[in-house]
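Undergrad: Since chain L is already given, all that's left is putting chain E on it; use the hints.
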Amino acid sequence: MTLDPAYLDYAHRREGMDHDLYPWSNLFSRPPLAWPNGEKVLSWIVIDLEWFPITPDAKPFLAPGHMQTAYPDYRHYTSRDYGNRVGIYRLLDALDKAGAKASVAMNSAIADRYPALVRDIVLAGHEIIAHATDMNATIATGVAEADEREMIAASLAGLTRTTGAAPRGWLSIARSQSFNTPALLAEAGIAYCCDWVNDDLPYRMTTSNGPILNLPLNHELSDRQILNVQQQSMASYCEQIRDAFDWLAREAETSGGGRMLALNVTPYITGLPYRMAEFEALLMWLAGQPGHGFATGAQIAASADAQLG
Amino acid sequence: MREGEADPGLYDYLPYRDRPKIAWPDGKTVAVWVSPNLEFYELDPPANPHRKSWPKPHPDVVGYSHRDYANRVGHWRMAEMMEEHGFKGSVSLSVALCQHVPEVVENANRLGWEFFSHGIYNTRYSYGMDEAQERLIIEDSIRTVREATGQTIRGWLAPALTHTPRTLDLIAEYGMTYTCDLYHDDQPMPVATRSGQLISMPYSLEVNDHYGFFIYNMSPREYAQTLIRQYDRLADEGAQSGTVMCIPLHSYLIGQPHRIGAFEEVLRHIAADGRAWITRSGDIADHYLAQRGAVA
Numbered sequence: 001m002t003l004d005p006a007y008l009d010y011a012h013r014r015e016g017m018d019h020d021l022y023p024w025s026n027l028f029s030r031p032p033l034a035w036p037n038g039e040k041v042l043s044w045i046v047i048d049l050e051w052f053p054i055t056p057d058a059k060p061f062l063a064p065g066h067m068q069t070a071y072p073d074y075r076h077y078t079s080r081d082y083g084n085r086v087g088i089y090r091l092l093d094a095l096d097k098a099g100a101k102a103s104v105a106m107n108s109a110i111a112d113r114y115p116a117l118v119r120d121i122v123l124a125g126h127e128i129i130a131h132a133t134d135m136n137a138t139i140a141t142g143v144a145e146a147d148e149r150e151m152i153a154a155s156l157a158g159l160t161r162t163t164g165a166a167p168r169g170w171l172s173i174a175r176s177q178s179f180n181t182p183a184l185l186a187e188a189g190i191a192y193c194c195d196w197v198n199d200d201l202p203y204r205m206t207t208s209n210g211p212i213l214n215l216p217l218n219h220e221l222s223d224r225q226i227l228n229v230q231q232q233s234m235a236s237y238c239e240q241i242r243d244a245f246d247w248l249a250r251e252a253e254t255s256g257g258g259r260m261l262a263l264n265v266t267p268y269i270t271g272l273p274y275r276m277a278e279f280e281a282l283l284m285w286l287a288g289q290p291g292h293g294f295a296t297g298a299q300i301a302a303s304a305d306a307q308l309g
Numbered sequence: 001m002r003e004g005e006a007d008p009g010l011y012d013y014l015p016y017r018d019r020p021k022i023a024w025p026d027g028k029t030v031a032v033w034v035s036p037n038l039e040f041y042e043l044d045p046p047a048n049p050h051r052k053s054w055p056k057p058h059p060d061v062v063g064y065s066h067r068d069y070a071n072r073v074g075h076w077r078m079a080e081m082m083e084e085h086g087f088k089g090s091v092s093l094s095v096a097l098c099q100h101v102p103e104v105v106e107n108a109n110r111l112g113w114e115f116f117s118h119g120i121y122n123t124r125y126s127y128g129m130d131e132a133q134e135r136l137i138i139e140d141s142i143r144t145v146r147e148a149t150g151q152t153i154r155g156w157l158a159p160a161l162t163h164t165p166r167t168l169d170l171i172a173e174y175g176m177t178y179t180c181d182l183y184h185d186d187q188p189m190p191v192a193t194r195s196g197q198l199i200s201m202p203y204s205l206e207v208n209d210h211y212g213f214f215i216y217n218m219s220p221r222e223y224a225q226t227l228i229r230q231y232d233r234l235a236d237e238g239a240q241s242g243t244v245m246c247i248p249l250h251s252y253l254i255g256q257p258h259r260i261g262a263f264e265e266v267l268r269h270i271a272a273d274g275r276a277w278i279t280r281s282g283d284i285a286d287h288y289l290a291q292r293g294a295v296a
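Keeping their order, the protein sequence lines are chains L and E. For the first sequence, counting from 1, position 6 maps to 6 in UniProt numbering; every step adds exactly one. For the second sequence, counting from 1, position 189 maps to 189 in UniProt numbering; every step adds exactly one.
Next up, chain E with everything else stripped away, as it sits in the complex:
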């Protein structure tokens, strides 16, 4: 990015109207990917000078144990349901989960899910890191996921969405294909970096379960209806443009007993509709790049 400038210079403006269409495989109009955040939060992490880890003094029992629900209960519910309806996950991974709870990572890997990095822990932030430190967490991510799963990560969602001005340049330099940190479009777009070839992969905060439940305070059924409306609209428009819909999830939220049943209606709706290319983030990136040729 252009550090310190008013326009960070991440991408060129491109109006939605009259764009060349992205043609998804088999005439599908919308590429749908589900992104479970498989995370590990620390009970007593060191302080980052730019952001507090927990709102309460450590131990923040509710904050920590709520998130721990994911690895004991929520993940297993969510993963089984996704598999039943034919949805592979593209995992935003706290890579230290490979050490702490390898069972969850192995389960996701066995299901054919893709992994990208969401940092080491969701309680360690990139704010304030120098370049060498940021390289360390990128190299750690690549190495840890490769050793645990055999996969080479191709994407990045900054830990707890904490960035430095160098993050995008660095992940591109390390050969990554996509970033999930930019929210300017419903289609993949080229991202300007010092080197490499990076694209933005439409993730979503607006229909992220965390926003649904805690920013917009939706009931489980309202959230499910929101996802269905989001899908229907993107599937309609995708006939002209070729759209991407991401469903970002946290199983400590969506995997709760009062929510998971309503969410199943969403998966059922999308799977039955016929217009969705239900796939993984890396597959979307490959298809887009092949169709667009090398992006600038």
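So that you can see chain L by itself, here it is in the shape it has in the complex:
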């Protein structure tokens, strides 16, 4: 047995990353970021609002949470839509109680289909960021560049039409991108994307269409990962978030730089009756911590952008 000799060629073996999207950087030795009101930790809540067609498209891949059974999959279609009818309102009330503004990552199909919900979100002062068109619009290498550009444009146009403002941020379904995505997002005027989970703070990416910020939306701290994938309890989820906050707050104190606690929340997961009391208590606990603030992605991006030069 032998491998193609090219398998032992290492074309990108050099100092720095093996791509040009962003340079390596040590969180602890780069200039610290200070938050606008001197907060030690900003909690950035990102709520996914997703519409799953009952006719799933598995190309290039099936979105997490999508239909599972033979057609028609009523159980998944309706339990995902539960999040858009009921769960999201529980979350909005909980945010309101805690005085928190969040970023809502929305399929443009949500805006087209449920304008009343969009109004409630906008009136409450939350940010809306783009999250593809619907849950069939997954991105990965293999999607033609023109098709990806068109999907991004359709998502932004749909959201802009309903909300009256162009979204500043973008979250890909399952945080999955193609090699073209960062440049296409920059070209479309997106200020920040949330897909790369390699840091605890925002940093700048460079694309052929100019710069774009990445706000790392920690997937390990998401309700999907902890509650659905790892099958842990809501009590454990809340404990893990509190532990994360405690650690980041201590680090902010010793390093003098602000920290970001990225919480990705899903209405059809967290917004269930039996989970809400603990989630509300978590938000109230966070709200009561000294040096803590809630911020939207746009606020964090604006602050980081000014400081990153």
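Check each hint, because a few of them may be wrong.
[Said to hold, decoys possible] Keeping only pairs whose Cα atoms sit at most 27 Å apart, straight-line, the calculated DSS-like set for lysine-lysine is: (1) E/52 x L/59; (2) E/28 x E/88; (3) L/59 x E/56; (4) E/21 x E/88.
[Said to hold, decoys possible] Part of the chain E face toward chain L, derived, beta carbon under 8 Å: (5) 17; (6) 65; (7) 130.
[To be verified] Which bits of chain L does chain E cover? Going by a derived footprint, with three or more residues having C-beta under 8 Å, they are: (8) 1 to 7; (9) 24 to 33; (10) 40 to 54; (11) 176 to 188; (12) 196 to 205; (13) 213 to 222; (14) 232 to 243.
Don't read these hints as lab results, they were simulated from the structure. Keep in mind that this is a model prediction, so the values were computed, not measured. Beta carbons are placed, not taken as given, at the ideal position from N, Cα and C, and that holds for glycine.
TA: Quick look at chain E alone, frame taken from chain L:
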């Protein structure tokens, strides 16, 4: 190994009961070593015909960037905490990290950590290599680590745990002392090789943070309790036998803000217990070999 045979012939059976005891220094009952995997994964590696690098088409953004978290954030948290509690690392190193992020390698070297090879990249697998190709990656590993750190590697953990039937024979021939790829015992054991003198160094998959979090789906605190129970048991039994406990880590996992605090309790517990010889893999190998004399 005996290629193609049902028993690969890696070692002799030796029951745990009534073995000669390994006496660790200063009457310690368990030798504890922490093994941070300092890795570099490629965004767009070439395909190995026997194993996919990434589950998704490249770029696998979450897979890649999650691991990249280690070199930007996780390592620094983990290393500072280990130093504070008196734990030196024994590094399972993707040696190309010496080129890509020399700062991480220099930091570990300055802290007095030991390095062994975990291949060139954790996205290049040994499956399918011929002997000449496998020699190339072994020689590359020895040369790269020596140039970057001044250390001569003494051990091997196959890249992404991918082996060939020749790997153990070859690393022994190149003078390496231990392999971390065999999981048959809680003590070092002689390994049968064509030449040289190789021993198995107890590493662990069962209490590896990757298994803890993604095979057993433990919460951070459950994982910390698991390590403490593993330690307590091995420290108890080690009074009779002399045991080894390895804590294999990936800082993109253990260095996350919701996990690192719970992990600190583990280091605190072991450091305070008094029965642990907190050391490095090469020191364990030296002590074992000196005590056992030349192994077969």
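Undergrad: For each hint, tell me whether it holds in the structure or not.
TA: Outcome of the hint check:
1. E/52 x L/59: holds (19 Å)
2. E/28 x E/88: With a Cα-Cα distance of about 17 Å, the restraint between residue 28 of chain E and residue 88 of chain E holds, given a limit of 27 Å.
3. L/59 x E/56: Status holds; Cα separation ~12 Å.
4. E/21 x E/88: Holds, because 25 Å separates the two Cα atoms, which is no more than 27 Å.
5. 17: Status violated, d = 38 Å.
6. 65: holds (4 Å)
7. 130: This interface hint holds because 4 Å falls under the 8 Å limit.
8. 1 to 7: holds (count 7)
9. 24 to 33: n = 5 at 8 Å, threshold three: holds.
10. 40 to 54: violated (count 0)
11. 176 to 188: With 4 residues close enough to chain E, the hint holds.
12. 196 to 205: holds (count 5)
13. 213 to 222: holds (count 5)
14. 232 to 243: holds (count 6)
The structure fails hints 5, 10 (numbered hints given earlier, in ascending order).
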